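Undergrad: Each chain is listed here by its residues.
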Amino acid sequence: MNPWSSSKETEAGLDSRFRGWRLLGPGLLWTTVFCLLPMAVVLAVSLATRGTYGGVLWEFSLDNYRDLLHPLYGRIFGQSLLLAGVTTGICLALGFPLAYYIARLPPRRQALWLIFIMIPFWTNFLVRTYAWIFILRTEGLLNTVLMQLHLISTPLDLLYSNQAVLLGLVYGYLPFMVLPLYAAIERIDPALIEAAWDLYADRWSLFRRVLIPLTKPGIIAGCVLVFIPSLGAYLTPDLLGGARSMMIGNLIQHEYLVARDWPLGSALSILLMLIVMSSLLWYFTAQVPQTRERGEQ
Amino acid sequence: MADLSIDIRALVKRHGATLAVDHVSLQISRGEFFSLLGPSGAGKTSLLRMLAGFETPDAGDILIDGRSMAGVPPNRRPVNLVFQSYALFPHMTVAENVAFGLEMQRVPHGEIVERVGATLELVRLSDKRDRLPGQLSGGEQQRVALARALVNRPAVVLLDEPLAALDQQLRQQMQTELKTIQAQVGLTFVCVTHHQEEALALSDRLAVMQQGRVMQVGRPEDLYERPENLFVARFVGVSNEISGTLADVQAGEGTLMPSDVSPSRGIRVAVPAGLQSGIPVVMTVRPERIRITPGHVADGGANCLQGVVETMRYIGSEWQGVVRIGPSVRWTIHASNAASGSRPVAVGAPVSLQWNSADGVVIPLT
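For the record, the sequence lines run as chains W and F. Heads up: the first sequence begins at 219 in my numbering, then just goes up one per residue. Heads up: the second sequence begins at 10 in my numbering, then just goes up one per residue.
Treat the hints as calculated values from the structure; they're not laboratory data. The structure presented is a predicted model; accordingly, all values stated were derived computationally and were not measured. It is possible that some hints are incorrect.
To be verified - Simulated restraints on C-beta separations:
{"hint": "1", "chain 1": "F", "residue 1": "Thr27", "chain 2": "W", "residue 2": "Leu330", "range": "20 to 28 Å"}
{"hint": "2", "chain 1": "F", "residue 1": "Gly40", "chain 2": "W", "residue 2": "Leu499", "range": "55 to 63 Å"}
{"hint": "3", "chain 1": "F", "residue 1": "Gly147", "chain 2": "W", "residue 2": "Leu499", "range": "35 to 43 Å"}
{"hint": "4", "chain 1": "F", "residue 1": "Glu123", "chain 2": "W", "residue 2": "Lys434", "range": "25 to 33 Å"}
Unchecked claim - Pulled from the structure, derived: some chain F residues nowhere near chain W, Cβ distances all over 12 Å:
{"hint": "5", "residue": "Asp74"}
{"hint": "6", "residue": "Ser77"}
{"hint": "7", "residue": "Pro99"}
{"hint": "8", "residue": "Glu105"}
{"hint": "9", "residue": "Leu111"}
{"hint": "10", "residue": "Glu120"}
{"hint": "11", "residue": "Gln219"}
{"hint": "12", "residue": "Asn238"}
{"hint": "13", "residue": "Val270"}
{"hint": "14", "residue": "Ala279"}
{"hint": "15", "residue": "Ser286"}
{"hint": "16", "residue": "Ile301"}
{"hint": "17", "residue": "Val338"}
Glycine included, each C-beta is placed from N, C-alpha and C at the ideal position.
Isolated chain W (complex conformation) (with noise of 0.2 Å):
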């Protein structure tokens, strides 16, 4: 055996891994930092104890995680799940005709309608939503056209309700719908749509045999994308829902910021990271079979 080669071969394995880890570095420094480090902060805070007069004692206890099986909070939850729930159902249902019919637009109107869809995310949130709460209010712009029309008499109390926190959080997630739908439609071979017109399909059954088979990644990763920030949503039902409604996102910010209580805040928090986690996880069990397949043709 040559000498020179096998010392060059020690060393070029020695290299190659340390060049890993070296790769590997700036991710994992990232992760670390912003992911991980703050997790843990949270994790430990949360089995910790609340002292006295709001600071946190470092003392172990479950009884965080005991507290949250109180039935407010499990309302609480519930009530934030449902709201999620019928946000992403409401999306979907507005959101696939409005990609469906800006996928089959010319390329040029494609891009406008793009462009009107994200126009939004170039103000500021929170003055949105202040928006609606002018639109809203019992003195607003809705009531006040409506009174003017005489198709009311009485205001209307819409603001600070379920439904105002509703329709808050579908008008600030449906663009996260649309454009992945978009995305999923729009590589959709228009001959498919015409074959099976050609072959007596109607417009369910061409939506229900063919769209939404060729489109399931796009319709997961819209509701997947709409549905996690709304059940963290803070804000559209702190301006929206007032004191009748409270989310999850609410509940935590109440509990580290007005009771005082970090250690059960950060319980809280850690409770809807394993609900998000968890829907992650199906999104990726949906997910991969269909790559699979994909890749076997």
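Based on the hints, put chain F in the right spot on chain W.
TA: Here is chain F on its own, set in the frame of chain W:
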């Protein structure tokens, strides 16, 4: 006609300012294999899409089995289209693709199973029934697309460039297969193609189209042997031409006074009814009807031109050459290699070209 499958009446379709289909009228019989042949932009695809119902005519009407198709959407027409891209549903197996049309028509389950099985048998794909389209070869995908249309037993099967996506060898094999299957099922086939050889080989009758108009309708041999205009002569096969004026027209025969070549003796031609002496015409001859003789034949009689060989290539079954017969006139000749040891003349050699007067087709210049 009792056996009329499709009756197209003065159909017009505009795309912006251009007339994609310009007052087209066609009658297609039941069980006929009919082709629409033409270069791209001839309007044949527009015509096909109007038959399928994807485009609406601006004027005129289409009758299928005597019923007007005006306002009838594609999913209510007794017509199925085989798409150029096949447009097979990628998420469905072969059998599911073929069953789709029957399921949409709410055919009972037992009958669906039976008809799908029989149709897959017909296109020889029974062993691939559970594959996804992405796992099939181009030829197999083509057969699935055909089966998906045939299984519905429509009044008309429409085919959009059915063999365009296949390679040459598969193409010829599928031509034969398509023709056999059509004869077996006995349905009316309407096929759009820009490939003239394919159209001739497949069709019972065909229409040659150009710029939205039908240039000629007929059997393949009518179009090849008796083209009615220069477009058809040139688009269907190779056309060797001499322009000139007619003289001595008598009893269906006459002499061509050529303007661009100088034959040793006159050119005799068969003259179609209605043409008189003095009108400008073009005479066209097919390459394989021309006899090539080395050297300048001293007295070749009528229909003898002298020229020089410019190119000659050997393709096995025959020799294909170009002969210059005038300052700017070149003819293509196909000399059969039937007799063993026959050798055509070398490039640069003087030759004589002769043909029977019946093979010269006279087309009036209008």
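Undergrad: Does each hint hold? Answer for all of them.
TA: Quick rundown of the hints versus the structure:
For Thr27(F) and Leu330(W), the Cβ-Cβ distance of about 27 Å falls inside the hinted range of 20 to 28 Å, so the restraint holds. For the pair Gly40(F) and Leu499(W), the supplied restraint of 55 to 63 Å holds, since their beta-carbon distance comes to about 59 Å. Look at Gly147(F) against Leu499(W): about 40 Å separates their beta carbons, and that is inside 35 to 43 Å. Checking the proposed 25 to 33 Å range against Glu123(F) and Lys434(W) shows it holds: the Cβ atoms sit about 31 Å from each other.
No beta-carbon of chain W is positioned within 12 Å of the beta-carbon of Asp74(F); the least distance is around 17 Å. Distance to chain W confirms Ser77(F) as a non-interface residue, since its nearest Cβ pair spans about 19 Å, more than 12 Å. Not every Cβ of chain W is farther than 12 Å from the Cβ of Pro99(F); the closest lies at roughly 7 Å, contradicting the non-interface assignment. Distance check on Glu105(F): its Cβ comes as close as 9 Å (rounded) to a Cβ of chain W, failing to clear the 12 Å threshold; non-interface status is violated.
Non-interface status of Leu111(F) relative to chain W is broken: a Cβ of that chain comes within 12 Å, the nearest being about 9 Å off. No beta-carbon of chain W comes within 12 Å of the beta-carbon of Glu120(F); the shortest separation is about 15 Å. With a closest Cβ-Cβ approach of about 26 Å to chain W, Gln219(F) is found to remain outside the 12 Å limit, as its non-interface label requires. Listed as outside the interface, Asn238(F) is consistent with that label: its C-beta sits roughly 34 Å from the nearest C-beta of chain W, beyond the 12 Å cut-off.
At roughly 50 Å from the closest C-beta of chain W, the C-beta of Val270(F) stays outside 12 Å, upholding its exclusion from the interface. Every C-beta of chain W lies more than 12 Å from that of Ala279(F), the closest at about 47 Å, which supports listing it as non-interface. For Ser286(F), the requirement that its beta carbon stay farther than 12 Å from each beta carbon of chain W is met, with the minimum near 55 Å. The beta carbon of Ile301(F) is kept farther than 12 Å from every beta carbon of chain W, the shortest such distance being approximately 49 Å.
Look at Val338(F): its CB is around 46 Å from the nearest CB on chain W, clear of 12 Å, so calling it non-interface holds up.
The earlier numbered hints that this structure contradicts are 7, 8, 9.
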